[in-house]
Amino acid sequence: MSSDLLLIVLLGIGAAWFFASRRAIVSQGQSRGGIKAMHSLPHYYGFWAAIAAVIPAFIFFVVWSAAEESVFRSLAEQYFPADRADDFRPDIALTQIQNVVAGIRVGEVPAWVDEAALAWVRWDALASNALAAIVIGMAALLGFLAYRAVNPDFRARNWVERTITVLLAACSLVAIFTTIGIVFSVIFESIRFFGMISPMDFLFGLKWNPQIEFGENAGVGVSNYGAVPLFAGTLLISVIALLVAVPTGLFSAIYLSEYASPRLRSVVKPLMEILAGIPTVVYGFFAALTVAPFFREFGQSIGLTVSSESALAAGVVMGIMIIPFVSSLSDDVINAVPQSLRDAAYGLGSTKSESIKQVILPAALPGIVGSVLLAVSRAVGETMIVVMAAGLAANLTANPLDAVTTVTSQIVTILVGDQEFNSAKTLSAFALALTLICITLVLNIGALQIVKKYREQYD
Amino acid sequence: RDYVSIAGSSTVLPFSTIVAEAAGKRPGVKTPVVESGGSSVGKKGACTGIGTENIDIGNASSRMKVSELDVCAENNVEVTEIKVGYDGIVLASDRSGPELDVTREQLWLALAANVPNAEGTAFVPNFYTTWNEIDASLPNIAIRVLGPPTTSGTRASWEEMVNEKGGCKQNAAAKAILKAEGKSAKTCRPLRTDGGYVEAGEQDNLIVQKLQEDNSSFGVFGFSYLDQNSDVLQAAKVGGVAPTFEDIAAGDYPVSRSLFFYIKKAHVGVVPGIQEYAREWTKHWGEDGILAESGMIPMGEDERAVYADAIENLPTLTADMLD
Amino acid sequence: MDMTLTTSEPVLTIKEPSSVTEKTVGSVHVDNPRMQAKNVDVYYDDKHAIQDVTIDIGANEVIAFIGPSGCGKSTFLRCLNRMNDTIDICRVEGSITIDGKDIYDPSVDVVPLRARVGMVFQKPNPFPKSIYDNVAYGPRIHGLVESKAELDEVVEQSLTRAGLWGEVKDRLDQPGTGLSGGQQQRLCIARAIAVSPEVILMDEPCSALDPIATARIEELIHELSDQFTIVIVTHSMQQAARVSSRTAYFHLGKLIEVGPTKQIFTSPQHELTQDYITGRFG
Amino acid sequence: MDMTLTTSEPVLTIKEPSSVTEKTVGSVHVDNPRMQAKNVDVYYDDKHAIQDVTIDIGANEVIAFIGPSGCGKSTFLRCLNRMNDTIDICRVEGSITIDGKDIYDPSVDVVPLRARVGMVFQKPNPFPKSIYDNVAYGPRIHGLVESKAELDEVVEQSLTRAGLWGEVKDRLDQPGTGLSGGQQQRLCIARAIAVSPEVILMDEPCSALDPIATARIEELIHELSDQFTIVIVTHSMQQAARVSSRTAYFHLGKLIEVGPTKQIFTSPQHELTQDYITGRFG
Amino acid sequence: MTKPMITPQIAAERVARGVQARYARERRFQLIGKSAIGLALTFLAVLMTTILIRGIPGFFQYYVQVDVTLDAQLMDPRGDQSIDSFYDGNPRKIMQGAIYGLTGAEGRSAKKEAFKLLSIGGTDRIRNMVVNDPSLLGSEQNLWIAVDDDVDSYLRGHIKRATDEDNRRLSDRQLDMIDDLVDRGLIQYKISNYLFQGGASRNPELAGVKGAVVGSLFTLAITLILAFPIGVATAVYLEEFAPKNRLTEIIEVNINNLAAVPSVVFGILGLAVFIGFFGFQRSLPLVGGLVLALMTLPTIIISSRAALKAVPPSIRDAALGMGASRVQVITHHVLPLALPGMLTGTIIGMAQALGETAPLLMIGMVAFIVDTPASVMDPGTVLPVQIFMWADFAERMYVAKTSAAIIVLLSFLILMNAIAVVLRKKFERRW
Ligand SMILES: Nc1ncnc2c1ncn2[C@@H]1O[C@H](COP(=O)(O)OP(=O)(O)OP(=O)(O)O)[C@@H](O)[C@H]1O
Ligand SMILES: Nc1ncnc2c1ncn2[C@@H]1O[C@H](COP(=O)(O)OP(=O)(O)OP(=O)(O)O)[C@@H](O)[C@H]1O
Ligand SMILES: [Mg+2]
Ligand SMILES: [Mg+2]
Ligand SMILES: O=P([O-])([O-])[O-]
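Residue numbers (this note's numbering), protein chains in the order written: chain X, 105 to 563; chain G, 50 to 372; chain L, 14 to 295; chain U, 14 to 295; chain E, 2 to 432.
The set of hints was computed from the structure by calculation and includes no laboratory data. Cβ atoms here follow ideal geometry from the backbone N, Cα and C, with glycine treated the same way. It is possible that some hints are incorrect.
[Said to hold, decoys possible] Only part of the chain L face toward chain U is listed, based on derived beta-carbon distances under 10 angstroms:
1. Val-41
2. Cys-84
3. Ser-87
4. Val-121
5. Ser-143
6. Tyr-145
7. Asp-146
8. Val-181
9. Leu-185
10. Pro-188
11. Gly-191
12. Pro-224
13. Gln-251
14. Asp-288
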């Protein structure tokens with residue numbers, strides 16, 4: 105039986121037990137004085153039986169399906185020719201067998217492969233029948249047991265709800281597992297990196313200049329892995345972006361929530377949100393070919409040397425991109441400031457702007473900080489604009505007219521470009537990622553503290 | 050897996066995809082999937098692991114080194130090397146800008162991280178800021194060359210062919226210093242990071258566009274981008290030779306390299322379509338083929354015959370073939 | 014004493030004030046009016062929330078507005094310093110004057126008006142700022158002081174008058190929101206008096222407070238009454254009786270009766286007032 | 014009549030009930046108790062909001078909880094159907110029984126408990142659903158009816174008993190939130206009685222309503238009192254006097270005095286009760 | 002009681018003194034607000050205009066009208082009308098004949114140049130015609146065949162006759178032929194039927210976004226199917242069930258932190274876990290969807306929690322007071338009310354997922370994939386990747402195609418948002 109069909113059958117069995125149990129409880133209840141005499145509503149008994157039938161069987165199905173192939177592969181090894189040539193490759197042989205099973209015959213196929221494939225097909229049939237039998241049997245049996253257990257005193261609702269709660273809790277673990285997964289997928293490489301480059305040099309070094317270190321080029325250039333210029337560049341570009349996005353976004357939010365008519369607001373807000381959805385390649389071209397030359401020419405006209413790749417161009421365009429993060433989220437937060445604070449300010453004779461500046465904004469600060477943080481995250485994570493408009497040169501500078509680069513764009517460039525998995529250069533991407541995550545973690549904990557502190561203050 | 054999986058050099062990618070697309074037109078053949086990643090990913094991918102979770106063919110814009118072949122040996126993987134053509138690395142600028150006719154040695158002086166000092170006694174950080182400081186015949190404009198980042202094979206080739214072979218090994222002062230310090234010429238390779246050479250990402254189109262914004266800048270990229278944009282770009286002559294189709298093919302243009310792909314032999318006969326894909330190359334790699342049309346410089350007849358033969362017989366690449 | 018128990022049977026018929034304009038019972042005018050409302054009507058969109066109310070508010074008196082829920086006490090109170098302007102759908106007709114000047118005149122600025130007619134709200138609403146900044150807010154925005162020293166003095170004086178100085182003088186830089194409910198409300202009063210208003214409007218200022226805190230606020234109102242005109246809305250007749258000298262009874266948007274507090278509570282003249290006072294409803 | 018005016022000077026000293034446990038004045042027990050609270054203490058974290066309260070609630074009586082703001086009336090009321098469970102920091106000690114069964118017993122399911130002890134809140138809070146669905150919600154989740162016809166009947170009956178049927182029978186499918194405040198509150202009462210509870214808890218059910226709506230609700234309470242036990246929290250002594258047969262006076266977390274309403278209002282025995290009744294505070 | 006330092010009279014004077022300046026400040030403040038909005042909208046307008054102006058031409062391309070005879074001999078050399086036979090055929094000859102006829106090209110080099118005017122898509126097209134309908138063999142057809150990308154660029158004015166012949170990709174003779182065809186009305190500018198029907202192609206005139214659109218659909222479907230329920234479930238658990246303790250606080254910080262993790266790191270995760278550990282193939286929309294789902298999850302969780310917080314407690318109280326269980330309160334009352342807010346978060350998250358390339362680089366979705374995926378287990382790519390790759394191809398005509406693809410992506414985005422906004426409106430029925 106194909107697995108799709110099996111799953112449908114499984115659902116069918118669940119549905120059957122649902123209806124059976126529901127019916128059973130209704131008729132049992134009848135003799136006891138109606139639904140009122142039962143602990144739970146009939147459909148909870150139904151759901152209980154369905155859960156009992158479907159969930160364990162489904163888990164079994166998943167585990168079996170995951171394990172099946174490796175079992176077959178080990179079984180298939182018995183078909184390998186006894187007199188194996190030196191270049192006999194078990195994995196390729198298995199692939200070949202599986203190809204034949206899938207109906208792909210490439211070139212001439214040795215007889216034993218055909219035999220193995222035939223066996224494989226047999227096992228497959230056997231296994232899928234066995235699986236079907238077990239899954240259906242399990243579902244039927246457990247469903248039956250649940251069905252039998254049904255009686256008006258059975259706390260079906262509590263059990264169903266407990267299952268739901270467990271499922272919900274399981275979902276909240278996904279976020280945890282994601283983090284664990286991320287840490288695990290960068291930690292080993294990072295450790296290897298720190299085995300080659302001392303963490304001190306990495307964290308406090310002032311020069312970032314990794315050279316290709318493999319193949320012909322091994323040991324040729326002197327690589328520097330000082331991450332400070334990257335973090336400084338990230339900071340510089342983010343600050344420029346925030347200088348564009350925060351005032352524009354915040355003032356837009358203020359105007360929309362405090363002054364604009366609801367209609368204007370309902371039109372302008374989604375319009376501004378489009379800015380966040382424009383692909384970053386577009387922003388990249390815009391930054392590199394429109395904004396950067398503009399700054400350069402403008403700079404020249406007033407006697408400044410502005411390089412074509414400048415933090416300024418990248419930062420400004422990135423700022424445009426993240427305006428909606430600040431405007432939309434701040435707008436929500438400003439709206440949520442209790443009316444009582446506005447009343448208090450107006451009652452004392454504040455003008456609107458005074459009450460906004462001195463009361464509403466301070467009160468909304470935690471939320472605004474949150475929205476800015478989200479905007480910063482987006483800015484820090486952005487690569488395309490940086491690579492296209494700010495270049496990749498890791499200059500340690502505070503001059504926005506210079507070319508700089510950011511952590512994320514280095515990570516992406518390293519991982520996308522020519523690489524060798526054991527070179528310090530490639531590994532440095534993982535170390536950068538790990539460091540960045542640690543830094544954002546600290547930032548987030550800090551932000552949480554700010555939010556906590558201010559949250560105590562109003563309301 | 051019922052399709053061919055290819056990865057590697059971003060230089061070979063455009064040509065590889067053209068062939069893949071053509072190969073996929075046959076009924077019942079799935080078009081191969083071509084990923085980028087760089088030459089070393091291609092070479093390493095070809096050499097690591099057998100089994101359908103690994104790639105079948107690796108593209109590379111530089112030939113496998115013995116050390117790289119060792120990886121294959123370690124993994125018990127045999128590969129076949131197929132050369133498909135050449136690519137020239139050009140230095141180009143906007144047509145409205147000054148023309149440039151330089152030698153590789155001058156380019157080295159303009160772009161290397163370290164150059165011999167005026168007395169020729171030691172390497173010092175590159176101090177040239179304008180072209181005419183290197184040689185009076187060159188224009189009096191600031192040195193500003195946009196090119197690929199350190200993660201690029203194109204850049205590595207440039208460093209090898211210009212800085213090492215065309216620069217340090219030709220320059221008397223440099224040779225003397227190297228000898229005195231007991232260093233190999235390889236140490237001449239790194240490019241300057243003080244702004245004379247600008248890492249502009251691996252987006253060659255962007256470099257082309259930036260050159261049009263600023264006509265005193267030069268850009269380093271593959272021949273095909275020059276070919277497509279010949280109406281707006283002019284190429285610098287290197288060693289007196291302009292990067293034309295004919296001169297690169299003839300080997301006269303000094304900054305050019307060969308393009309390869311490596312077939313994981315064990316997958317032939319397992320994953321369908323590998324050899325068919327390789328054969329497809331032979332249909333297009335001639336002077337009139339669509340690959341030439343897209344800017345790949347074809348090999349000569351004889352070489353084509355050799356590699357067409359290799360595609361049929363799949364000889365295993367061995368270390369002595371590489372020397 | 015038996016008025017509260019005239020019946021333990023529910024009252025079924027509540028009379029609405031007749032809809033033809035009926036004159037308010039009692040003397041709506043006083044000799045030395047600080048504010049005067051004449052034929053004021055207030056609408057929320059179509060809803061006629063205040064109907065033809067005419068009343069004087071005397072200088073330095075404490076006047077209480079009482080009446081059942083929804084009768085328009087708050088609405089009328091908020092007209093007195095144009096806080097209703099902040100509600101889009103609210104429309105005010107008729108005239109309200111302060112010291113003879115119409116506050117709804119187009120030439121009148123609400124900003125100085127609200128500095129003259131301060132407001133204290135039902136729920137204490139200190140700003141999420143320090144105690145000092147809460148009190149200093151008004152003088153600062155209105156530019157009432159010339160120096161930091163002067164500001165310090167205004168803050169101290171206001172807090173003292175609000176009976177809070179002793180309790181907070183050592184922690185002026187701590188957030189106002191950290192105070193207890195009663196203290197917060199006194200802080201709000203201090204904040205209001207810091208701009209030296211002539212009139213202070215209070216909308217059920219004690220309804221969120223416990224009896225002990227309430228007693229302190231009432232005491233404070235009593236003390237402030239010799240310098241300020243105070244209008245207080247309250248649900249509690251007892252409170253009205255304790256703090257006010259005049260009382261106005263509202264019913265479904267109309268001003269039914271006005272008079273000296275003593276008189277309203279002992280011998281109400283209008284039937285509705287009487288019913289309310291005697292607890293037949295409310 | 015003069016009790017409200019014993020003084021127009023503010024009262025400055027509010028006595029707190031002495032902190033040593035002092036027995037509640039009056040008879041806390043009744044002959045036919047439906048619910049019994051014994052030595053109940055409630056804490057919000059450290060805050061001791063209810064202190065050692067013992068009281069019986071008789072079958073089919075209307076009992077009123079009165080007392081100044083923050084004295085714990087709502088807190089105690091919410092203990093009676095374990096609505097306090099929803100507040101994390103709230104901890105209840107002592108025992109509360111309904112028909113002799115401890116409702117805080119770990120084996121007790123709150124769901125059926127709350128079906129037996131219904132609740133009506135201060136602010137009318139109909140579900141954002143149709144009028145019909147509002148009333149049908151309880152019977153549906155508790156499985157009280159077997160068929161649509163039966164459900165229709167329950168809905169009609171409940172609305173009729175809540176005195177709302179006539180007003181809404183033509184628009185049962187319209188949103189409950191579209192009704193006026195008083196109608197909404199009656200809808201909430203209808204919703205509560207639709208599950209045929211034994212006890213209905215009402216927390217200031219009329220405080221958001223105008224006098225006309227309030228009168229209807231009081232009438233309704235009166236009518237319901239012959240089938241249900243009703244516990245009502247109110248700020249208005251008049252209302253307590255009108256609707257209840259027994260009254261309990263709370264003060265700062267303590268139950269000070271319980272007794273027949275008439276007696277509490279005419280001859281309160283505890284000093285605090287007396288002060289409150291006579292309007293010295295509150 | 003102390004005498005007030007500032008009497009009401011003094012106060013009134015001082016207030017009056019400053020009031021004009023304060024109103025001026027108020028007006029300035031409003032003006033700043035308006036300019037901020039104006040500025041943001043101007044940016045948007047500039048960007049959108051640029052995109053539209055650049056992109057619209059990408060929806061069109063030039064076609065040349067040719068008459069061909071589907072010669073059975075050439076098309077079906079084996080004569081058995083089998084697929085193999087058709088693929089052994091030589092439709093190229095037929096196209097050559099047609100174009101030589103049209104241009105009157107004589108001589109080897111002229112013929113070669115003439116044939117280069119046509120896209121190679123033409124030969125594929127006539128082959129497909131007979132494959133799909135063998136009865137067409139031998140018939141005469143009048144077809145509009147796409148011109149080669151260089152010709153297209155010339156017609157668009159990107160290649161100019163004024164340029165030195167050596168420096169352009171078309172010879173003078175070719176230009177003459179083209180001009181002649183244009184004069185005869187045989188070349189026309191028409192809506193491109195390759196853009197939406199074609200997959201990725203290295204022939205810019207044949208390249209289309211179909212594969213990428215389908216890939217994006219598959220990927221986003223997986224993302225939505227996973228991220229929305231899991232995100233909402235997590236939010237519900239944290240907001241409604243979880244005890245407030247250290248663990249939940251850690252989860253909260255952790256989720257906030259995940260929102261700040263650069264997207265490429267999710268790609269690293271996907272590579273390590275889904276491809277490395279679970280052994281999925283590279284380039285699968287399934288894996289892409291999984292990675293993007295993990296990336297989108299924090300956004301959805303954070304906004305869903307905010308939406309849940311905003312549900313008025315009175316509704317919960319009402320339902321609890323009726324004896325509803327927690328799960329019932331949530332499913333009957335809280336979720337319906339919180340859904341609009343949850344949808345907002347989903348819109349933002351999905352918009353970001355739609356535009357992502359960096360994490361997909363790591364899992365092999367940045368690849369040249371011609372075939373349109375038929376399921377989430379077929380290799381596929383997505384729109385932003387397509388844009389990213391096209392933007393870097395050397396051929397000029399990709400500039401227009403890229404811009405057109407950007408418009409397609411934006412339309413996709415706006416469509417997605419519109420659906421969500423409509424849904425939100427529907428649930429927002431405020432009672
Ligand atoms: N913002 C508003 N929009 C529409 N109607 C309103 C608004 N504010 C008040 N109303 C209505 O105006 C009437 C008077 O309301 P108001 O708040 O003035 O009553 P109140 O006497 O202060 O009542 P309470 O004692 O409950 O505070 C009420 O019917 C109320 O519903
Ligand atoms: N959720 C809570 N958390 C902490 N303290 C609370 C909470 N709810 C009530 N309290 C405190 O418990 C005490 C009793 O509150 P409760 O709401 O029961 O008073 P009440 O008599 O109903 O007052 P009111 O008449 O204002 O409704 C008050 O001091 C209050 O501040
Ligand atoms: Mg009010
Ligand atoms: Mg209460
Ligand atoms: O990708 P490369 O060809 O530069 O190695």
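Hint check, failures only: The structure conflicts with hints 1, 3, 4, 5, 6, 7, 8, 9, 10, 11, although it agrees with all the remaining ones.
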